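**Q** Sequence:
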Amino acid sequence: MKLKKWAPLLLAVVLGLVAAKVARDAVIRNRSAAAAGSKTVRVVVAKTNIAPGQLLTPEVLVLAPIAADTIPAGAFKDPAELSGRVARTSLFTGQPVMQGVLASKDAGSGLQALVPTGMRAITVQVDEISGVAGLLVPGCHVDIVATVTGTNADTTSARTIVQNVLVTAVGQRLTAAKPETDKPGDFARSVTIIATPHDVEAIELASTNSRPRLVLRGSRDGGVAESDGVTLAQLRGRNQRSADPFAVNAQPTVIQQQAPAAPKTTDAGKPGEAASVSEYPQHWHVTLLNAGSSSELVFELPRSTVTSTDIERAIPSATGN
Numbered sequence: 041m042k043l044k045k046w047a048p049l050l051l052a053v054v055l056g057l058v059a060a061k062v063a064r065d066a067v068i069r070n071r072s073a074a075a076a077g078s079k080t081v082r083v084v085v086a087k088t089n090i091a092p093g094q095l096l097t098p099e100v101l102v103l104a105p106i107a108a109d110t111i112p113a114g115a116f117k118d119p120a121e122l123s124g125r126v127a128r129t130s131l132f133t134g135q136p137v138m139q140g141v142l143a144s145k146d147a148g149s150g151l152q153a154l155v156p157t158g159m160r161a162i163t164v165q166v167d168e169i170s171g172v173a174g175l176l177v178p179g180c181h182v183d184i185v186a187t188v189t190g191t192n193a194d195t196t197s198a199r200t201i202v203q204n205v206l207v208t209a210v211g212q213r214l215t216a217a218k219p220e221t222d223k224p225g226d227f228a229r230s231v232t233i234i235a236t237p238h239d240v241e242a243i244e245l246a247s248t249n250s251r252p253r254l255v256l257r258g259s260r261d262g263g264v265a266e267s268d269g270v271t272l273a274q275l276r277g278r279n280q281r282s283a284d285p286f287a288v289n290a291q292p293t294v295i296q297q298q299a300p301a302a303p304k305t306t307d308a309g310k311p312g313e314a315a316s317v318s319e320y321p322q323h324w325h326v327t328l329l330n331a332g333s334s335s336e337l338v339f340e341l342p343r344s345t346v347t348s349t350d351i352e353r354a355i356p357s358a359t360g361n
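The numbers in the working numbering rise by one with no breaks, and the one at position 218 of the sequence shown is 258.
You may find that some hints are simply not true.
No more than 20 Å apart at the CA atoms, straight line, and that leaves these computed lysine to aspartate or glutamate pairs for EDC-like [unchecked claim]:
id, residue 1, residue 2
1, Lys79, Asp109
2, Lys145, Glu121
3, Lys87, Glu99
4, Lys145, Asp118
5, Lys79, Asp118
6, Lys87, Glu121
7, Lys117, Glu99
8, Lys87, Asp118
Taking CB as the label site, the calculated pair distances span [to be verified]:
id, residue 1, residue 2, range
9, Phe132, Gln165, 38 to 44 Å
10, Ala173, Lys145, 48 to 54 Å
11, Gly134, Glu241, 40 to 46 Å
12, Glu244, Asp194, 24 to 30 Å
13, Asn70, Ser123, 40 to 46 Å
14, Leu57, Asn89, 56 to 62 Å
What the hints contain is simulated information worked out from the structure, not anything from laboratory work. No experiment lies behind these values; they were computed from the predicted model shown. All residues carry an ideal CB built from backbone N, CA and C; glycine is no exception.
With the sequences and hints as input, model every part of the structure.
**A** Structure (structure tokens):
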């Protein structure tokens, strides 16, 4: 009775051991076949995190095995090939070093290695308002808006002077990761951007005459916006007058007019007869008031021969009698 009771249990244990042995042997065979069928190659990888502009030295590089069929293009197999090279972008620990992430040879270290040929790096002073509340990070793109002073208050305008420029550094930070020493509310007082020489000149001129603002772009927005800017007159409205009671009208105001002086005749003549006038002072005097100052304009009329009757008619009409 006892044997019949324990027989099924013993049989199940034996079958379980046999199944485990078969599965183990299959796994071992698969691993052996995979190891025999694939080869590994040692390539240069980053031993620690590497920042943009950092000089590559043996202390930050190491050789690591990688499957031969997964080697990335431009990888290096000898650390000596990277002597004196500079990283153009950030590298994380274990990432293979490739040609595409390196600056050109003899580019030097630091920020100069990150400036492309034909471009320039310029630093703009910012605060919490003009620097997008301190939320800018290296790698983002911005526009720069400045106030351009016109010939008068109404023609003063706000314009986008530079578009889609790369922020390469925020303060002295070249990576998006903030240092652990930063405290909440801290933000950099300067932003370094990469721009063309013409854009650099525009930024310098705007910084001298106004306070430029940085405007953050979306990560997928690389277009150029067409805008003529907004003047103060447009902001007020075309037909809206200034609320300042002391504002001076932009158009000159005529405050006084003087009629032409009475003509001088050389011959008295008879009424209706022509009289020769050699010195006929045909002038019209106008006094203008513009921006609080007055000026007098004199308009000279063409000389002509008039009759004595015309002279008699011109004198009372010119003097207002």
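**Q** Give me the numbers of the hints this structure contradicts, sorted from smallest to largest.
**A** Failing hints, ascending: 9, 10, 14.
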